[in-house]
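Trainee: Here is how the chains run, residue by residue.
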Amino acid sequence: MSLLAYLSPSWRDEALKRLQSELTPEKMNNVTTSMSNIYKNCPGGSEQFLFVECKDGKVTRVETGSGEPPQAEFRIIGDYETFARISRAELGAQKALMTGKLKLKGNLARALKLAAVADRLNKVLAKIPTQY
Amino acid sequence: MPRILDPNDKYYIDNPGRVKAIQAEMARRGIDVYLGSRIRTMSFVLDTFCPWRSYVIIPPEGQPVFFTFVVDALRIADETWLDPDHVRAYGPMGGMDQVSAVADYIREELGIQKGRLGFEDGISTYTAEGNLSHWEYTHFKDALDGFEWVNSHDIVDALSLIKDRGTIERFRTASLIVDEGHKAARAALTNGGYKGMTETVIAGIAASAMRRAGSVSEWNFAGLNEIASGYRTGLGACTPPTTKEIGAGEPLMLDFHAMFKLALGDHSHNYLIGPATRRQRWHADNFVAIVQTVIDHYRAGTTPGTLAAIMMDFAESRGCGDFIQPACEHGIGLFGDEWRIGAVVNPALPYWTDQDHVYRENEMVVCAMQYAAPEENIGFRYENDIVITKDGCEVLSKYPLGIEEIS
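Heads up: the sequence lines are chains A and B, in that order.
For the first sequence, the working numbering assigns the number 1 to the initial residue and increments by one for each residue that follows.
For the second sequence, the working numbering assigns the number 1 to the initial residue and increments by one for each residue that follows.
None of these hints come from the bench; they were simulated from the model.
Be aware that a few hints might be false.
No farther apart than 25 angstroms at their CA atoms in a straight line, the calculated lysine to aspartate or glutamate pairs in the DMTMM-like style are these [to be verified]: (1) B:Lys20 / B:Glu79; (2) A:Lys103 / B:Glu108; (3) A:Lys103 / B:Asp97; (4) A:Lys101 / B:Glu136; (5) A:Lys113 / B:Asp85; (6) A:Lys17 / A:Glu68; (7) A:Lys101 / B:Glu361; (8) A:Lys40 / B:Glu109; (9) B:Lys141 / B:Asp104; (10) B:Lys398 / B:Glu376; (11) A:Lys95 / B:Asp72; (12) A:Lys103 / B:Asp142; (13) A:Lys40 / A:Glu63.
Beta-carbon label-pair distances, calculated as ranges [claimed, not checked]: (14) A:Gly92 / B:Tyr351: 41 to 51 angstroms; (15) A:Pro129 / B:Asp121: 56 to 66 angstroms; (16) B:Cys238 / A:Met98: 31 to 41 angstroms; (17) A:Ser46 / B:Asp97: 23 to 33 angstroms; (18) A:Ala116 / B:Asp83: 16 to 26 angstroms; (19) B:Glu108 / A:Ala116: 21 to 31 angstroms.
Where a beta carbon is used, it is the ideal one built from N, C-alpha and C, also for glycine.
Could you put together the complete structure from these sequences and hints?
Mentor: Pasting the structure below:
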């Protein structure tokens, strides 16, 4: 498989396909939630987002783009390079949060319950052959 | 699961009603949002034990939102009456530090961008009071640029003065639990049981009895159950227990604390370990008479200043005025509220008990007196939760007043 440009429409489609096939509702603890990653300082200077929605444990939407992301239960804000390093497994998402490289907005108490689910999701996305 | 509030429960507190009362006062003062940080405010609003640094944000209407250290958020959500989504956490994550979490909530979720923000500031002898620190104040102000900050702690102070039925019932139970501690202590001390026993051991015996009776904590930040024996009884009003052994011929002061549904049982009782001298007996009889005199004068309409004067005059009439400390009470409420009496800040002596505060029915105080003759190695302490009534007061610990000689 050739490399897909990070956050491009083709990368987004591949992400949805993999998430739906690799993450069963049981693996996702049957959760209903949504999350927008907001990428600051993207190549070219723009701001982009990655939105993932999950209903009853099934990943139902993956969207990427620029501008205002869809409303989500959680927003995670950081530099493009930080997210890229997480996707390349060079930096753990937890460490990025704990060192302030990423900023979380939403109910932290609930976010912690979903930490393992988010980690599973990130691991699937990290396996997509990606051109950063 | 959040607690279901049941008006038929004898310990019921109308917490939603309390929030509405705060919001009504906010509206009257033109306050758009209230940022509470004191433990007493958490207890008053959430009716839950909130030991970690916490903030409660009270909007103009609707439920408050509570923020606490992330390690304790789920437990509090399980115990309070607030909806789970109204119990939030802060923690060591980007965007989730105390200032970001609270400021973002006010701006982004409440949608309040500017206005008057009530907060809690002041000073207290009580270390754990919880006023905003200078660091918090300056950083919150930076994060909430555009707000006028108004010190508003007196809203909660005034609303929490008169105790409701459920709160008083909790104090009644907490006080009876303390009595169980005193019964267990006496049983352990008498018939020579005190020999070889340390202050720490008698503190633990009482704590165990009170826990069996339903207490969840000895709550007192100054040393849980406070014990003093011998010369230590003359050292003042803060005596965390030591490993000193209780000895014959010594005075012994037992100040036990229980917590039941955030109500703070507090009763100090004294003994003379025989054989007692005539001088020790004289001191003891003085103290009991002083306590009884003060209790007899509590009623709605009197003031702390009046009671202190009665106490001092009576002590002087018995020739023991040099030994009594010049105050006879401290404030009490749900956990975190054990400091000054009254809600008015006297500018001449700010944040101390308002000596001219006029008691009303169903106010509560801890009737608290300290007698100390350190050069004679003797002292006594009395503490008891009381409810002010129209014509007197209800003394909640039923343990008999007296200083018994035991051996």
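Trainee: If you check each hint against the structure, which ones fail?
Mentor: Violated hints: 7 and 10; rest satisfied.
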